[in-house]
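S.K.: Below, each chain spelled out in residue letters.
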Amino acid sequence: MACLSCLLEYGTVKIIVIRNKAVGSVFRLIQFLIILYVIGYVCVVRKSYQVKDSVISTVTTKVKGTGFTNISGLGAHVWDVADYNIPPEGESSFFVLTNMIITPNQMQSSCPESQAKNVSFTKYFDLPVFDQLNASGHITLLKGIQTGLCVNYSETVKTCEVLSWCPLEIDTDLPENPLLAAAENFTVLIKNTVTYPKFNFHKRNILPDVNSSYLKQCEFNRITDPHCPIFRLKDMVAEAEEDFQTMATRGGVLGILIDWSCDLDFPEHYCGPKYSFCRMDNKNPENNVAPGYNFRFAKYYKTTDDVETRTLIKSYGIRFDVIVFGTAGKFNIVPTIVNVGAALTILGLVSPVKSAVLGLGV
Amino acid sequence: MACLSCLLEYGTVKIIVIRNKAVGSVFRLIQFLIILYVIGYVCVVRKSYQVKDSVISTVTTKVKGTGFTNISGLGAHVWDVADYNIPPEGESSFFVLTNMIITPNQMQSSCPESQAKNVSFTKYFDLPVFDQLNASGHITLLKGIQTGLCVNYSETVKTCEVLSWCPLEIDTDLPENPLLAAAENFTVLIKNTVTYPKFNFHKRNILPDVNSSYLKQCEFNRITDPHCPIFRLKDMVAEAEEDFQTMATRGGVLGILIDWSCDLDFPEHYCGPKYSFCRMDNKNPENNVAPGYNFRFAKYYKTTDDVETRTLIKSYGIRFDVIVFGTAGKFNIVPTIVNVGAALTILGLVSPVKSAVLGLGV
Amino acid sequence: MACLSCLLEYGTVKIIVIRNKAVGSVFRLIQFLIILYVIGYVCVVRKSYQVKDSVISTVTTKVKGTGFTNISGLGAHVWDVADYNIPPEGESSFFVLTNMIITPNQMQSSCPESQAKNVSFTKYFDLPVFDQLNASGHITLLKGIQTGLCVNYSETVKTCEVLSWCPLEIDTDLPENPLLAAAENFTVLIKNTVTYPKFNFHKRNILPDVNSSYLKQCEFNRITDPHCPIFRLKDMVAEAEEDFQTMATRGGVLGILIDWSCDLDFPEHYCGPKYSFCRMDNKNPENNVAPGYNFRFAKYYKTTDDVETRTLIKSYGIRFDVIVFGTAGKFNIVPTIVNVGAALTILGLVSPVKSAVLGLGV
Numbered sequence: 000m001a002c003l004s005c006l007l008e009y010g011t012v013k014i015i016v017i018r019n020k021a022v023g024s025v026f027r028l029i030q031f032l033i034i035l036y037v038i039g040y041v042c043v044v045r046k047s048y049q050v051k052d053s054v055i056s057t058v059t060t061k062v063k064g065t066g067f068t069n070i071s072g073l074g075a076h077v078w079d080v081a082d083y084n085i086p087p088e089g090e091s092s093f094f095v096l097t098n099m100i101i102t103p104n105q106m107q108s109s110c111p112e113s114q115a116k117n118v119s120f121t122k123y124f125d126l127p128v129f130d131q132l133n134a135s136g137h138i139t140l141l142k143g144i145q146t147g148l149c150v151n152y153s154e155t156v157k158t159c160e161v162l163s164w165c166p167l168e169i170d171t172d173l174p175e176n177p178l179l180a181a182a183e184n185f186t187v188l189i190k191n192t193v194t195y196p197k198f199n200f201h202k203r204n205i206l207p208d209v210n211s212s213y214l215k216q217c218e219f220n221r222i223t224d225p226h227c228p229i230f231r232l233k234d235m236v237a238e239a240e241e242d243f244q245t246m247a248t249r250g251g252v253l254g255i256l257i258d259w260s261c262d263l264d265f266p267e268h269y270c271g272p273k274y275s276f277c278r279m280d281n282k283n284p285e286n287n288v289a290p291g292y293n294f295r296f297a298k299y300y301k302t303t304d305d306v307e308t309r310t311l312i313k314s315y316g317i318r319f320d321v322i323v324f325g326t327a328g329k330f331n332i333v334p335t336i337v338n339v340g341a342a343l344t345i346l347g348l349v350s351p352v353k354s355a356v357l358g359l360g361v
Numbered sequence: 000m001a002c003l004s005c006l007l008e009y010g011t012v013k014i015i016v017i018r019n020k021a022v023g024s025v026f027r028l029i030q031f032l033i034i035l036y037v038i039g040y041v042c043v044v045r046k047s048y049q050v051k052d053s054v055i056s057t058v059t060t061k062v063k064g065t066g067f068t069n070i071s072g073l074g075a076h077v078w079d080v081a082d083y084n085i086p087p088e089g090e091s092s093f094f095v096l097t098n099m100i101i102t103p104n105q106m107q108s109s110c111p112e113s114q115a116k117n118v119s120f121t122k123y124f125d126l127p128v129f130d131q132l133n134a135s136g137h138i139t140l141l142k143g144i145q146t147g148l149c150v151n152y153s154e155t156v157k158t159c160e161v162l163s164w165c166p167l168e169i170d171t172d173l174p175e176n177p178l179l180a181a182a183e184n185f186t187v188l189i190k191n192t193v194t195y196p197k198f199n200f201h202k203r204n205i206l207p208d209v210n211s212s213y214l215k216q217c218e219f220n221r222i223t224d225p226h227c228p229i230f231r232l233k234d235m236v237a238e239a240e241e242d243f244q245t246m247a248t249r250g251g252v253l254g255i256l257i258d259w260s261c262d263l264d265f266p267e268h269y270c271g272p273k274y275s276f277c278r279m280d281n282k283n284p285e286n287n288v289a290p291g292y293n294f295r296f297a298k299y300y301k302t303t304d305d306v307e308t309r310t311l312i313k314s315y316g317i318r319f320d321v322i323v324f325g326t327a328g329k330f331n332i333v334p335t336i337v338n339v340g341a342a343l344t345i346l347g348l349v350s351p352v353k354s355a356v357l358g359l360g361v
Numbered sequence: 000m001a002c003l004s005c006l007l008e009y010g011t012v013k014i015i016v017i018r019n020k021a022v023g024s025v026f027r028l029i030q031f032l033i034i035l036y037v038i039g040y041v042c043v044v045r046k047s048y049q050v051k052d053s054v055i056s057t058v059t060t061k062v063k064g065t066g067f068t069n070i071s072g073l074g075a076h077v078w079d080v081a082d083y084n085i086p087p088e089g090e091s092s093f094f095v096l097t098n099m100i101i102t103p104n105q106m107q108s109s110c111p112e113s114q115a116k117n118v119s120f121t122k123y124f125d126l127p128v129f130d131q132l133n134a135s136g137h138i139t140l141l142k143g144i145q146t147g148l149c150v151n152y153s154e155t156v157k158t159c160e161v162l163s164w165c166p167l168e169i170d171t172d173l174p175e176n177p178l179l180a181a182a183e184n185f186t187v188l189i190k191n192t193v194t195y196p197k198f199n200f201h202k203r204n205i206l207p208d209v210n211s212s213y214l215k216q217c218e219f220n221r222i223t224d225p226h227c228p229i230f231r232l233k234d235m236v237a238e239a240e241e242d243f244q245t246m247a248t249r250g251g252v253l254g255i256l257i258d259w260s261c262d263l264d265f266p267e268h269y270c271g272p273k274y275s276f277c278r279m280d281n282k283n284p285e286n287n288v289a290p291g292y293n294f295r296f297a298k299y300y301k302t303t304d305d306v307e308t309r310t311l312i313k314s315y316g317i318r319f320d321v322i323v324f325g326t327a328g329k330f331n332i333v334p335t336i337v338n339v340g341a342a343l344t345i346l347g348l349v350s351p352v353k354s355a356v357l358g359l360g361v
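Residue numbers (numbering that gives the first Met the number 0), protein chains in the order written: chain A, 0 to 361; chain B, 0 to 361; chain C, 0 to 361.
Looking at chain A on its own, in the form it has when it is part of the complex:
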């Protein structure tokens, strides 16, 4: 009975009420600022009362368009998606070939190494000298295994002979304008499905109120068609404040950012993809070793004599990386208590601080 009585009593602190207009008004002002902060910043701006979840996303892409080149020695050539999209998979990162250096009919044999840029090879030199140069890092042109011979590269120049895919690629004369300039008018359809697993929320970038006939002929435009999932390559590059033809010449990486940030407490708010575009690699020529984006690939053939030949293509182009990000937030009691509790603690501190100032406290 004594115990029960003990349980049912409770303590409250004894409060001394002070009537001092100056101290009181400062005290209320500070309280007001803290409450303003809690409501304004913690709740409205940062939404700290919500629990958050990160997006899980799937992207498929499909490029459309046909280009035409007329390269000397190769003749007229029409390029379709199977030719310029390498490797040919509709993943979240896709590559569109825009410029290239083609070295056809390479075969495993021996041929003279091409001339180094910054070293004079005009007279016959002995191999150890070359090896020294090479070891010192000044010549990095070696594209094969040295046979130990020096042979005529041109009438006036002798270079080392190498075992390699011959003839060697001469990658110094990249076309100044992209060969596949028509790539700027190619379009890409991006299909993106997102999930917020904590909230069991699923959505697509093809919004439910969009109909099929619209989708067949629409094209993304930030003003007139912000929900169309079909993008013209030129427009995306322009949105990133780059020039397509300039970027296409040496290649680059363009980020297609899809922001799925959503406030799920307000279903009437727009919760859909927000597209933005930015160049991901550095276009700045200073300090820029190997600028742009390129890689080499080869198509392999066999001659009638069963000898393997290949066409080596140093391909420059734009890699488009679809990057999906975003967090969704929904009201939850835990972060609310944590944030309100902390704010109230600070609020409670005002009183002792004032007491200390007035010399009434400890």
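Take these hints with a grain of salt, some might be off.
One copy or any two copies: either way a pair holds, since identical chains are not told apart in the list.
Claimed, not checked - Here are the computed lysine-lysine pairs in the BS3-like style, where the Cα-Cα straight-line distance is at most 30 Å:
id	residue 1	residue 2
1	313	157
2	61	273
3	20	329
4	329	282
5	233	202
6	215	157
7	46	233
8	273	233
9	63	157
10	282	197
11	233	197
12	215	202
13	215	233
14	215	273
15	157	202
16	51	233
17	202	63
18	63	273
19	215	63
20	51	282
21	282	215
22	202	329
These are calculated hints, taken from the structure and not from any lab test.
Since the structure is predicted, the reported quantities are computational estimates derived from the model, not experimental observations.
Fit chains B and C to the given chain A structure using the hints.
M.R.: Frame of chain A, contents of chains B and C only:
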């Protein structure tokens, strides 16, 4: 000495003890509910006393199986992994070809454009009309560069001639049943290693208590073999509540979700992969532009006259995306203090609230 | 006026000051420990006063180097990047071929299945027996579609005939030393651009104080060149405490971890890439089904009779996964209030606890 004395004294608030059974029991009830919430929800359900880390993961995959097709004009053909897995790398996202439209022996030349579906071309028409139609977006069939001529497409139809890879692909007659129906019995071995860097925790999806002979012949089954890392494609699609043959006809994307959520405070708890499967693309035909999943690739050959030919394959199939996620939690003093501190603040508020109710407070 | 007066008054609790050296010193010690914890651990170690952001990153890679093999039956062969980098794209995950089993001149036809390892086929057996063995899972060698015939595999052995790409691959005799041993001296240039969107922070792994001529010949070394973005494959494998030649024989996955953790409150602190390397797959042979990393790909050719042939390559090699991670932190008022508030709550608890101990409280 005065200073030391000052340091060693301390203040405690003066508590007034009130014995009121009604107020006291309400007060104790509220305290009880808050403590229940702190223990039950914050600690047990949400584990807010833990610091969290996100998973870093590596996945390799290896598909096994052999299929057989007998396509008219191409003859019997056995498909192994090098044929149907495109591109051929064992990454976390892999593609299995199940259906296709093959256009063999394409060559760069000129040929009549295929007939547009919704426009009648039965009479000879002049090119500007076609260009108008094309500009209005109604015809999107152009698969090459127009030569400016109109030629016989069939006995009754004339269409525009284009420079392209000829003959053009006719992609309207996709086989109704997947050509590589046997793909449902292919299996895939998924090797997944995860790391939680904050906790220096490493684990594989091949659990340490599993022996090698078991792994050579096991097959994942949610009931009988939940730890086997070898999955039959059919079973994974069935777990996602889809029909393999239906999905294989037009292609799709299947997510293989591996959940590595772990509570590292309890080493006796199961901390291993939890597999689930779901279809990631939209199978719903409404609003579904370009449903399914397909892409085009080509195999390039050279004739004896050194002319390039190719076999174009519009390949439909299932892309499997292995998505590894999860957070691990471990007790840490910082989140504990933050959460307990906040909860205690709320607890401390009960007393002033009650005081205010009774008119004893400010 | 009464209301205003009410607003401008404030309450402060009545404090009883107790002078007890023993209790006082324990009380001050606990306070000191809590303040030490708040300043030392919460602020300095965990930086809980900061708001955090996760990195968004783009990676391009470019491998350089030439290797040479002399495989019996294939002759001397020089390998360049287009040959050994499969698929040939400079993405964040790239593969370098180091060892292989080549099966040239495969054609769609029928041939005897290769001999199973653990089953004796020395006498002519009837097919149902084989099917039973097969169904029981003991034979998993079937690499084609059975024709129903049993034919001579060698002089003493008969096996089942299969329709397949013939001759079948014999993948049991993997070279003990990697064929492309020279791969250890290949180098890779990694270009990595990161963004912290919350703080509008952008940076590259090629630091601004590095000049172009240095980049042309530098090579990463943890001591002498920690900022060079060009890595020798051998060095990366050695940093992961593995032997390149051993790893190259059966293949593997090497993680190139780039840590971009930054404290943006102190711009004078180093905020740049911190490289580390670790093997991501399990090298341990126990419980290791299909150890290492390999996949099959094929190069397709056509004979003069228009028959498709292929060279199947079971390729072993090292997949390098560039994994970029990191969080940046910057001072923000919300987490500061949450953490300080919580710590102060705990601090405030010391007084009641002491009171309770002394029998002065409830």
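S.K.: If a hint holds in the structure, say so; if it does not, say that too.
M.R.: Evaluated hints:
1. 313 x 157: within (26 Å within a copy, 40 Å between copies)
2. 61 x 273: Within one copy, since 20 Å is at most 30 Å while 32 Å is not.
3. 20 x 329: Close neither inside one copy (43 Å) nor across copies (39 Å); limit 30 Å.
4. 329 x 282: Only across copies: residue 329 and residue 282 sit 28 Å apart there, 40 Å inside one copy, limit 30 Å.
5. 233 x 202: both (28 Å within a copy, 26 Å between copies)
6. 215 x 157: between (60 Å within a copy, 25 Å between copies)
7. 46 x 233: neither (38 Å within a copy, 44 Å between copies)
8. 273 x 233: Within one copy only: 19 Å inside a chain, 36 Å across chains, cut-off 30 Å.
9. 63 x 157: Between copies only: 25 Å across, 48 Å inside.
10. 282 x 197: The answer is between: 23 Å across copies meets 30 Å, while 40 Å in one copy does not.
11. 233 x 197: Between copies only: 28 Å across, 38 Å inside.
12. 215 x 202: within (20 Å within a copy, 40 Å between copies)
13. 215 x 233: This pair counts as within: shortest intra-copy Cα distance 19 Å, inter-copy 33 Å.
14. 215 x 273: within (21 Å within a copy, 40 Å between copies)
15. 157 x 202: neither (65 Å within a copy, 44 Å between copies)
16. 51 x 233: So residue 51 and residue 233 fail the 30 Å test inside a copy (36 Å) and across (35 Å) alike.
17. 202 x 63: Classified as within: same-chain Cα gap 25 Å, cross-chain 34 Å, threshold 30 Å.
18. 63 x 273: within (23 Å within a copy, 39 Å between copies)
19. 215 x 63: within (13 Å within a copy, 38 Å between copies)
20. 51 x 282: between (36 Å within a copy, 28 Å between copies)
21. 282 x 215: between (35 Å within a copy, 18 Å between copies)
22. 202 x 329: This pair counts as within: shortest intra-copy Cα distance 16 Å, inter-copy 33 Å.
Of the numbered hints given earlier, the model fails hints 3, 7, 15 and 16; all others are met.
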